[in-house]
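Protein chains in written order, with the working numbering: chain R, 564 to 807; chain X, 1226 to 1356.
Do not take every clue at face value.
[Said to hold, decoys possible] Label pairs and their calculated CB-CB ranges:
no., chain 1, residue 1, chain 2, residue 2, range
1, R, Leu802, X, Leu1298, 23 to 33 Å
2, X, Leu1301, R, Tyr645, 55 to 65 Å
3, R, Val795, X, Glu1280, 37 to 47 Å
4, R, Asp606, X, Trp1342, 49 to 59 Å
5, R, Arg643, X, Gly1344, 41 to 51 Å
Rather than coming from a laboratory, the hints here were simulated on the basis of the structure. Heads up, the beta-carbon is just placed ideally off N, CA and C, and yes, glycines get one too.
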Amino acid sequence: MREIQLEVLRYSPETDSEPRFETFQVPCQEDWVVLDAINHVKDHMDSSLTYRWSCHMAVCGSCGMMVNGEPVLSCKAFIRDYPDKIRVEPLANFPIEKDLVVVMDDFMEKLKASKPYIIPKEEKSIDDGEYLQTPLQLEAFKQYSMCINCMLCYAACPQYALAPEFVGPAALALTYRYNKDSRDGGKAERAHMFSKSEGVWECSFVGACSEVCPKHVDPAAAIQLGKVESAVDYFKSFLMPWSR
Amino acid sequence: MSRRPYVREVPRFTWWLKKKFYTEYMMREATCIAVALYSALLIIGLIRLSEGQAEYTAYLEAMRSPLGLILQLIILAFAVYHTITWFKLAPKGMPPMRFKDEKVQPKAIVAAHYAGWVGVSLVILLFVGLV
Ligand code: SF4
Ligand code: FES
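Isolated chain R, as found in the complex (with noise of 0.2 Å):
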């Protein structure tokens, strides 16, 4: 049993006009997960306390927040790893819905927005079978299929935080993702997003998203490769206007 101070930003819309930390003293034992301790305070000290999480095993991505300054997944955060005073702050870059709980609209419309979705290159029905695919061709953008929409990546963004605007690295990596399964034909239905000013140029390869990545998608990997396709894509555009 260890004890730590496990720092919280606090914030009620209802009744405070900007946030403040609350300390609380929290027994822990040698295997918890910040997570833990947080459902620790909720259980048995402030159940006002608002957060979201939901599978416990960094699959749902729902639990992201700021351990220490660096944003995580709290179910992932072994407390051991951390010294006795840990600070949790709401994920940074978003707006504070109430306490460590996040507004994520414009993550959503954003996603939304780069149809992160299979566009059959044919329709084909039923009767003719899959769409089958070898596995070098999956290759091509498994990792970047491993995303699990915990925004730690826009926590993380310096080019986020200063332009909001930016769509940013998870949406922007889905699209490649997508771009690249060759089953895909929806590129050009995608390139308003991806190939934009606020899209992949956006981006000055600051790197942090891949640092903070829990699933190794390397959303700074698939930008630049994106800027390469989406440069290449314009001259072709000039030269091979047919190809349009």
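Dock chain X with the ligands against the given chain R, drawing on the hints supplied.
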């Protein structure tokens, strides 16, 4: 329930001092000025060369003076930092490659960059007769 989302302000000019990772990024970007500065020095050298032997000798003298050497050493240090940090990122800008049916690992890409650097440096040193 009333909604009143709170927006935390980000310091517009000092954000990059808040985290080591951001500061390193800014240094990586800023050290490109050193590379530009050295290119300018070389161009000045070319101009002096076109002006005649006396001018070119004066240019070489200036470059060999303590001040010239210190300037070049500082530029070299910044250029090395710039190079190393970009090499580290090189795998992210490369399309996936395969070699003998295996995916080329990021480490191999970085190593190839270093090998290229050593190779080009050797050629230049040979050319100017330093090795
Ligand atoms: S790219 Fe990584 S960090 Fe970003 S939302 Fe997806 S899983 Fe999370
Ligand atoms: S609770 Fe699901 S990812 Fe942490």
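Worksheet item: For which of the previously enumerated hints does the structure constitute a violation, in increasing order of number?
Response: Hint check: 1, 2 fail, others pass.
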